[in-house]
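Undergrad: Listed below, chain by chain, are the residues.
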Amino acid sequence: MNKLSLSRIVFIGYVVLVLVFLILPVLVVIPMSFSDSRFLSFPPPGYSVRWYDTFFSNLGWMSAAKTSLTVAIATTLIATPVGVAAAYAINCSTHWSMRYLKIVLLLPLIVPIIIVAAGVFFIYAFSGMLHTISGLVMADVMLALPYVVTAVTAGLHGFDQTQEMVARSLGMNRFRSFMAVTLPQIKPSVITGAIFAFIQALDETMVALFISGGQNQTLTVRMFTALRDEIDPTIAAISTLLTATSFALVIMMAMARKQASAR
Amino acid sequence: MKATAVNDRYAPISSIDPSSRHHRREHALMLLLMSPAVLVVFLLLIVPLTWLIGQSFYAEGVLSLEHYRRIFTEGIYWNTFALTFRISIIVTLLALLMGYPIAYAASILPQRWAMLVLALVILPFWTSVLVRAYAWLILLQRSGVINKTLLGTGVIDSPLSLVHNELGTIIATVHILLPFMVLPLYATMQKIPRDLLLAGASLGGSPLHVFLRVFLPLSLSGVLAGMTLVFVLCLGFYITPELMGGGRTVMASMLVSRNIQLYSDWGAASAVSVVLLICVLAIFYVVSRLISLEKILGVK
Chain A
1 MNKLSLSRIV FIGYVVLVLV FLILPVLVVI PMSFSDSRFL SFPPPGYSVR WYDTFFSNLG
61 WMSAAKTSLT VAIATTLIAT PVGVAAAYAI NCSTHWSMRY LKIVLLLPLI VPIIIVAAGV
121 FFIYAFSGML HTISGLVMAD VMLALPYVVT AVTAGLHGFD QTQEMVARSL GMNRFRSFMA
181 VTLPQIKPSV ITGAIFAFIQ ALDETMVALF ISGGQNQTLT VRMFTALRDE IDPTIAAIST
241 LLTATSFALV IMMAMARKQA SAR
Chain B
1 MKATAVNDRY APISSIDPSS RHHRREHALM LLLMSPAVLV VFLLLIVPLT WLIGQSFYAE
61 GVLSLEHYRR IFTEGIYWNT FALTFRISII VTLLALLMGY PIAYAASILP QRWAMLVLAL
121 VILPFWTSVL VRAYAWLILL QRSGVINKTL LGTGVIDSPL SLVHNELGTI IATVHILLPF
181 MVLPLYATMQ KIPRDLLLAG ASLGGSPLHV FLRVFLPLSL SGVLAGMTLV FVLCLGFYIT
241 PELMGGGRTV MASMLVSRNI QLYSDWGAAS AVSVVLLICV LAIFYVVSRL ISLEKILGVK
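Respectively, the protein sequence lines represent chains A and B. Residue 1 is where the first sequence starts when you use the UniProt record's numbering, and the numbers rise one by one after that. Residue 1 is where the second sequence starts when you use the UniProt record's numbering, and the numbers rise one by one after that.
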């Protein structure tokens, strides 16, 4: 028995250590962002909000933040309905072609992101869409689709389709019966998909490194360039803001799911 | 499952209809609903991929295997691919060693603690890769937290170089990919019926014996899913090695990016892309014969 509890202590200790490894880097940027020193010494010698000031008063950073937010919102608004439609078709149809079309929609996750970036860069250079907001949105919609489709397909699996058929047999057309009967019941999975799309568009760096620039540089691309040149605590402030946004959205998502399972 | 049952029930009706018009109209509608999503992927991924594959067989205006010959004979390409595979193998094994106990703990702990463990895995998962690379730069630099702690406690006399090299790349990459190991593992472990473990114990198996003979074999499909995902993602990693590697740790993806952005050499970039893509697709194909693709990709 004694030996067992010793191995248990070792196991728990190991698990705690790995969890610290996971969470420490996420938390360490928060105190750094409130440092009053130029240097990245930890713990910071004193506390201030000067790096947040620097971020919010710098035109370059602000324009990058605006580009990123615009792109993330537009991506969510487009990828969500497009992804829901595709998930609905995947769920309803029993045709053999759906199996292959489903794999096509998973391709943006399967193909290494660097190859996706190179390909999108080529197409945009060819069609004059480099450095445009619409170009960024299109690329982010493609990258978000697998997440939206996966989330909504999972939601539709738990939904009894005969309900929609009842609504249709009572005279509603297909679209109205979907909006009135199906959508309210799969809402949590649609919200999850939309949040996936938003966070993925906000954090996307690789493709944006190739296709964003000029007036329309994204926040992540600007951060990447700054990180290569100098490590300035402004980045800690931006990191904290980005992390806070992601956390808030993940908590919203968890709440949407909890609400769904409570019903 | 439910949808199939419904469709089966309605199938005879449409098969009575001699023209099966209903069936065809239904299928056309479904294709229409699919089309915007498929179109985006087609235009932005399939078209350029086809072009890239074509480019890789062109050198100086004529069809040739020159780019591939260089990949397989020139040291710089060969070394880059060797390094990429070595880092991917190390990262996958480390992620398994760290991820398996975490997923196991989450699957056996009471609900409340399990939720806490999962939250600690999921929160970094949703933090930008850039933010995490930056955090590791802070932690691992010469005057960073880790070096200071080690110096302070007298474990070392001079600061270790933990960053701007292969070690820094591996540490940050393991951190970024660890959730991709834990989540499929946890999904699999959660489905293992507890009765089987109780049965094993009631038949006189020691806890270790029950774990090795019952739990471990049943969790292997999750191990395979997690390892595949981590390995494949690591093969194509770019941002972390670029920031953490200090320019010395050149991975395959960086070869693609440099050939395009520095030298505008699409032929070379394409050939490297094609080799990388074939590796990834081959791995997915082999693994998909054993477990479903959704099981590997349905994590996030």
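It is possible that some hints are incorrect.
Here are the simulated DSS-like pairs of lysine-lysine, each with C-alpha atoms no more than 27 Å apart in a straight line [stated by the list, open to error]:
#, chain 1, residue 1, chain 2, residue 2
1, A, Lys258, A, Lys187
2, B, Lys295, A, Lys258
3, B, Lys295, B, Lys191
4, A, Lys258, B, Lys191
5, A, Lys66, B, Lys191
6, B, Lys148, A, Lys187
Label-pair ranges, simulated between beta-carbon atoms [as the list claims (entries may be wrong)]:
#, chain 1, residue 1, chain 2, residue 2, range
7, A, Gln259, B, Ala28, 32 to 42 Å
8, B, Trp78, A, Met255, 30 to 40 Å
9, B, Ser292, A, Ile133, 35 to 45 Å
10, B, Pro110, A, Ile251, 48 to 58 Å
11, A, Arg50, B, Thr153, 30 to 40 Å
Think of the hints as simulated: they come from the structure by calculation, not from any bench. Using N, Cα and C, we set each Cβ at its ideal position, and we do this for glycine too.
Undergrad: None of the hints should be skipped; say for each whether it holds.
TA: Status of each hint after checking the structure:
In summary, the hint linking A:Lys258 to A:Lys187 is supported, as the alpha carbons are separated by about 12 Å, within the 27 Å threshold. About 23 Å separates the Cα atoms of B:Lys295 and A:Lys258, which keeps this hinted pair within 27 Å; it holds. Of the supplied pair hints, the one linking B:Lys295 and B:Lys191 holds, its CA atoms being roughly 13 Å apart against a limit of 27 Å. For the hint linking A:Lys258 to B:Lys191, the alpha-carbon distance of about 20 Å falls within 27 Å, and the restraint holds.
Using a Cα cut-off of 27 Å, the hinted pair A:Lys66 and B:Lys191 is violated, with the two alpha carbons roughly 44 Å apart. Distance restraint check for B:Lys148 and A:Lys187: the Cα-Cα separation of roughly 50 Å exceeds the 27 Å cut-off, and the hinted pair is therefore not satisfied. At roughly 36 Å, the beta carbons of A:Gln259 and B:Ala28 sit within the given window of 32 to 42 Å. Distance hint check for B:Trp78 and A:Met255: the Cβ-Cβ separation is about 51 Å, which falls outside the suggested range of 30 to 40 Å.
For the pair B:Ser292 and A:Ile133, the supplied restraint of 35 to 45 Å holds, since their beta-carbon distance comes to about 37 Å. With their beta carbons about 22 Å apart, B:Pro110 and A:Ile251 fall outside the hinted range of 48 to 58 Å. A hinted range of 30 to 40 Å for the beta carbons of A:Arg50 and B:Thr153 is consistent with their spacing of about 32 Å.
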